[in-house]
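Protein chains: 2
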Amino acid sequence: MQSFELDKSDVLKFKQALEEDDTALEALVAEYHASEIAILFESLPQEARERIISLLPAEMASDVISEMDAEFHPERLLENLHPERRSEIVEELDYDDAADIISQLPEHQQKEILEELDEEDASNIRHLLNYDEDTAGGLMNTQVIKINESFSKKEALDEIIRQSEEMEEFYTINVVDDHNILKGIVSLKDIIKARNNVKIRDLIKPDFVYVRAETDQEEVAKLISQYNLTSIPVVDDQMHLLGRITFDDVIDVMEEENTEDILKISGVSEDEQLAGNWKESVKSRLPWLVLNLGTAFLAAAVIRHFDDTIKQLAILAGYMTMIAGMGGNAATQALAVTVRRISLTDLTDNQAYRTVLKEFTVGLINGAANGLIVFLFAFFYDGNPMLGLVIFLAMTGNLVIAGITGAGIPLMLKRVGIDPAIASSIIITTFTDVFGFLLLLGLASRLLL
Amino acid sequence: MQSFELDKSDVLKFKQALEEDDTALEALVAEYHASEIAILFESLPQEARERIISLLPAEMASDVISEMDAEFHPERLLENLHPERRSEIVEELDYDDAADIISQLPEHQQKEILEELDEEDASNIRHLLNYDEDTAGGLMNTQVIKINESFSKKEALDEIIRQSEEMEEFYTINVVDDHNILKGIVSLKDIIKARNNVKIRDLIKPDFVYVRAETDQEEVAKLISQYNLTSIPVVDDQMHLLGRITFDDVIDVMEEENTEDILKISGVSEDEQLAGNWKESVKSRLPWLVLNLGTAFLAAAVIRHFDDTIKQLAILAGYMTMIAGMGGNAATQALAVTVRRISLTDLTDNQAYRTVLKEFTVGLINGAANGLIVFLFAFFYDGNPMLGLVIFLAMTGNLVIAGITGAGIPLMLKRVGIDPAIASSIIITTFTDVFGFLLLLGLASRLLL
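Taken in order, these protein sequences are the chains called L and E. The numbering of the first sequence is my numbering, which starts it at 1 and goes up by one. The numbering of the second sequence is my numbering, which starts it at 1 and goes up by one.
Chain L on its own, in the form it takes in the complex (with noise of 0.2 Å):
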């Protein structure tokens, strides 16, 4: 397919190096690109990963570790190291990359790594440290390329090279004023075609996109894919030139807002570590189970109202499974839909409106072609079609409100400023569930008995 595609025989590779002494190990390790030994760590045991870790030169001990994610926790390769040589992997880290990473670490340890470093790493990490890790400053890195808006075109190319020393890479390039002031950007290439004797202030592009440093990074993802930008600055509330955000940055937050999406409407805590182990999982499920079983008792109290009905007419129970399981799943369809369209544009209300009606359709529809296949069984097989008739008027009735509530929870909490992603299944389903039984019972004991 590509020229690098890792599998099970690299993870072998890896497992037998390690067996043996370190040159075979350093050979091996040689092979590889630090993105994919981060990859390969998650299959190893913390013991390999320190080992290995030890073995790399500082700056590519230091690029493997800002790759690996966050839920293989990165911060655990640090704490064992040698005071010395920690401060040599830190400080080839981004200092994004580095207070993010150190801010996992209890307090007193990161205290002692950023003694360990000298003072302008340490104060810019510790600046770093002080912004909410979901907001622009969280994100952003304070090494940018910076020119002043009154250099040559000479002057400016010179200093470019000269910054981009320390950079690996680098996208765009802000224009700043004599007080750090943004003034705007301009690209590499725009210099270079330029004339010898422009301003840079003259290649300046009016119109151009910032966010400021407690923007919501999902704001900030919405920007950068919007506008398909390599980069975006970060400024404060004077317009000062804080860092800049890049994309890749943005794809693993995307990454990060899609999966606690997935898990939130699945009734599972968005911080569960999707590789974690079982306590993790039954401390972020078992919550969620419990109240679901608080609104099964609901749907159960329900049903005993309607004792004498079932008693009397126990084909009952498997139809009510039935009406149940379909309001379920017709309402998480309704809501995995809502939900996602609410997470990629932001709706006006007339097409939220619009969006509960069109579930109200859709239930109607759904419910009545189900209903009529229900209908038809009770007629045909129980030889009972008004039993039949009951079934079909609570199918349709429960798919119209899986459709209504599905639609519009998740709408109505979007609306108060509240996660619509909590509107999970388990909220939902306990609508349809009441309701189910509510109208499949009442109607059977008023019709049928």
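Certain hints may be false.
If several chains are the same, the list does not tell them apart, and a pair holds so long as it fits within one copy or across any two.
Unchecked claim - In silico DMTMM-like pairs for lysine to aspartate or glutamate, Cα to Cα no more than 25 Å straight-line:
| no. | residue 1 | residue 2 |
| --- | --- | --- |
| 1 | Lys222 | Glu260 |
| 2 | Lys13 | Asp349 |
| 3 | Lys193 | Glu159 |
| 4 | Lys183 | Glu214 |
| 5 | Lys199 | Glu159 |
| 6 | Lys205 | Asp118 |
| 7 | Lys154 | Glu31 |
| 8 | Lys189 | Glu165 |
| 9 | Lys311 | Asp248 |
| 10 | Lys8 | Glu31 |
| 11 | Lys205 | Glu31 |
| 12 | Lys183 | Glu149 |
| 13 | Lys8 | Asp346 |
Quick caveat, the hints were computed from the structure, so don't treat them as lab data.
Knowing the structure of chain L, use the given hints to seat chain E on it.
For chain E alone, kept in the frame of chain L given last:
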């Protein structure tokens, strides 16, 4: 928050301007970025979109059309245009965007549009129409910056400036030999930093990532995200350079794949348009609901089998829905975590095995915890400890089954090369419904009667 944020007032401004003459509308449109107009289009009717497109300069019109989300049918804006105007706009589109948009039109319109274009553009777009749209070939842009490996620094810079005249953005420079064989990539920064007497071949990065035209787009997205690439070259089997895919295309692919995942595990067809009308939604969801109804008949058959048990113990009816509902929710939790994990990481056999084992453990603990609550209720409220024991066992057993199937089925599907996300909650809850009822009613008929 940031410089440009659209809200309702923007939509209103457009609606007002649409009531007035073209001058007012033109003045308003000029205040917006193409990608903003593309978003505003989502709230405007088709006639309004067509009128605005007709007022825009061809370049801007093409930017708006290429920024529109596929589900709002940008191709429909081309249908009613005058051929001359249409070819003007299509010529401004990147070849990959043009191919994507045109491919949505009926065959005879595709032909018509291609015939209006000049031969070079038409043949480039025709070429792209041949690739499957979910592959690297379907995603790539054939406009790339490429230079010969034998160029000097000055020749390279001149050539890059010449080629970049026709391109809005470029990120990396492809280096080829005399036969258009891709030799490597080089950054503009490395070229300007190099000594004047350098040859380009000395600047090439030896290990670079590329994909073949047939590579699946999901694989391309993984590579771009893993290696933090701004763009990736696309080659054929002989390493001839065909085009490039940029990070912004991949951001769109990721959004698309994430939407598909979330819809599929919720029992919605992956191709349901989030903003589609009710007819499309019924078409996409009804088959899944009918499938679910089929499985519900299966569960109802289990219940009918225990008809006598329920007649004698009508109280079981309420507990039945509890066991089934809890099993369904626990299964959905395990499913969401597993599907998301698989879509972000390729699991080894050992990891897959440990995932199922973990879900078994989680099911056992969560089942026992919830089972205990229901046991206590049956004990104290119904005064029936034996009934409590039956429910405890059924709850625990059903949540274990939920964990094993919720994790095991998507893992097995992945193993045999089927998209794990189609193991939707609808499929998985069949297991928990049927086994839950079998456990509860089977145990009840043995131990309680």
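Now for the hints, and whether the structure bears them out:
{"no.": "1", "hint": "Lys222 <-> Glu260", "in the structure": "both (16 Å within a copy, 19 Å between copies)"}
{"no.": "2", "hint": "Lys13 <-> Asp349", "in the structure": "between (57 Å within a copy, 16 Å between copies)"}
{"no.": "3", "hint": "Lys193 <-> Glu159", "in the structure": "both (17 Å within a copy, 11 Å between copies)"}
{"no.": "4", "hint": "Lys183 <-> Glu214", "in the structure": "within (20 Å within a copy, 44 Å between copies)"}
{"no.": "5", "hint": "Lys199 <-> Glu159", "in the structure": "both (14 Å within a copy, 24 Å between copies)"}
{"no.": "6", "hint": "Lys205 <-> Asp118", "in the structure": "neither (37 Å within a copy, 32 Å between copies)"}
{"no.": "7", "hint": "Lys154 <-> Glu31", "in the structure": "neither (40 Å within a copy, 34 Å between copies)"}
{"no.": "8", "hint": "Lys189 <-> Glu165", "in the structure": "both (18 Å within a copy, 10 Å between copies)"}
{"no.": "9", "hint": "Lys311 <-> Asp248", "in the structure": "neither (62 Å within a copy, 62 Å between copies)"}
{"no.": "10", "hint": "Lys8 <-> Glu31", "in the structure": "within (16 Å within a copy, 54 Å between copies)"}
{"no.": "11", "hint": "Lys205 <-> Glu31", "in the structure": "between (43 Å within a copy, 15 Å between copies)"}
{"no.": "12", "hint": "Lys183 <-> Glu149", "in the structure": "within (8 Å within a copy, 38 Å between copies)"}
{"no.": "13", "hint": "Lys8 <-> Asp346", "in the structure": "between (43 Å within a copy, 10 Å between copies)"}
In terms of the numbered hints stated before, the structure departs from hints 6, 7, 9, listed from lowest to highest.
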